[in-house]
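Use the sequences and the hints to build the structure in full.
In our numbering, the protein residues as written are -14 to 393.
One should not assume that every hint holds.
[As the list claims (entries may be wrong)] Straight-line Cα separation of at most 30 Å, DSS-like style, residue types lysine-lysine; simulated pairs:
1) Lys248 / Lys191
2) Lys233 / Lys191
3) Lys248 / Lys233
4) Lys61 / Lys83
5) Lys179 / Lys242
6) Lys352 / Lys242
7) Lys179 / Lys124
8) Lys179 / Lys83
9) Lys83 / Lys248
10) Lys233 / Lys179
11) Lys191 / Lys83
12) Lys242 / Lys191
13) Lys191 / Lys179
14) Lys83 / Lys124
Read the hints as simulated data drawn from the structure, not as lab findings.
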Amino acid sequence: MNLDMKEQAESIGELIGQGMRCHAEGDIAEAERLYRVVLDQDPENVDGLHLLGLVAHATGHLDEAARLIGLAVERKPDQAVFLSNLGNVFLSMSQPAKAEAVLRRALTIAPDHAAGHNNLGLAMSAQGRFSEAAQCYRKALSLDRTLGDSFANLCTVLTNQGLMGEAEEAARGGVDVDPGNPDAVARLSQVVLKRGRAEEALALAKAALERSPSSSTLLTACGLARLELGQPIRALDYFERAERGEPKLVETQGYRKEAEARKPSDAVLLEQLLTAVRRGDVEMFIDVEAFRMPHSPLKVEFYANWALLMNVTIWGVSFWLLPQLWALGVGLGSAALYYLFGRKIVGNKMRAHIQDRLGADTSLWLKAWNMGGVSLRDNATGQIVSSPDGRWRLMVEDIAPTQQSPNP
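In structure tokens:
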């Protein structure tokens, strides 16, 4: 090798090293630029072709990725990593048969490559060959017990085969490998749920949700457990939060629609609330002053006006029938009695009237709740929800769970 060629090789090696560092740090654009510089200097450089192919794969340019990595394979057909990554591209292109072929070639060269066996399992699974896929995942795990993806994939194919006991074992293996992984816990929760242990499934997902509150997989797992427990309102709350979380799950929208379909009507929930109030399970607090506002959905001034009219009438009659000083005393006495006792009586009448009116008309109840001035207290837990922000439907569901048929 002459000096110029040696210097060029060193330069290319440095460029590839810089590109790989940028790639590892997530600076894909700079990595791509450096790999292209390598290929400008040496169009046949297999590492440049392979690495630029990985960039194309990562950025969704699958045809270009297959072309570039394929060129690298043509130039170095004995490189297992090239073949393995080409297989991954074919998997992304939904071409599992092609993926299987190149992955088997890769494993012939490097039979102890655990990730290669995992990827071959993906190719088998995509072709509906679940038993063969399970064998591949088990082989991968026999080579490397830390492969969380292999536990996850094994759980999936075992679930597809209805082998729920083995699926739970695989899911627990994934949690053991990475207990802080919300997806692993959500997967275990859903397997436990499918085995009929809804309370345990909910407890698993809720505990992990405290560490990862925006995990859509955990929120969805909680929602599914709530739905199975006959709590569609809480399930709906979880599914709506899951749609705002990460990662975005396509199936969550379907779960949300199912929860909406199973949610009781507001009329049913209001009747359950009033039943709980009559039983003493819930206390309803009504702020009378809020219902005196101009925008109040119902008027209660009648009671206050009635009390004022009674006071004036007593005073007027006493002045007409009694001597002046006696009349003054009666009038002052009636005013004092009203101040000491009457206000409370009138207030109670107002509250009773408001509660009766709200309980008889669902639309009126919703308007009043949205206006404010109503609070509910769960006497068992001490929880208080206040309008307009408090979620009264959740409280009602917790106190009087709606009996729903379980998921098929």
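A quick look at each hint next to the structure:
no. : hint            : verdict
1   : Lys248 / Lys191 : holds, 22 Å
2   : Lys233 / Lys191 : holds, 19 Å
3   : Lys248 / Lys233 : holds, 24 Å
4   : Lys61 / Lys83   : holds, 18 Å
5   : Lys179 / Lys242 : holds, 20 Å
6   : Lys352 / Lys242 : holds, 25 Å
7   : Lys179 / Lys124 : holds, 26 Å
8   : Lys179 / Lys83  : violated, 34 Å
9   : Lys83 / Lys248  : violated, 47 Å
10  : Lys233 / Lys179 : holds, 22 Å
11  : Lys191 / Lys83  : violated, 41 Å
12  : Lys242 / Lys191 : holds, 22 Å
13  : Lys191 / Lys179 : holds, 17 Å
14  : Lys83 / Lys124  : holds, 21 Å
Hint check: violations occur at hints 8, 9, 11; the rest are consistent with the structure.
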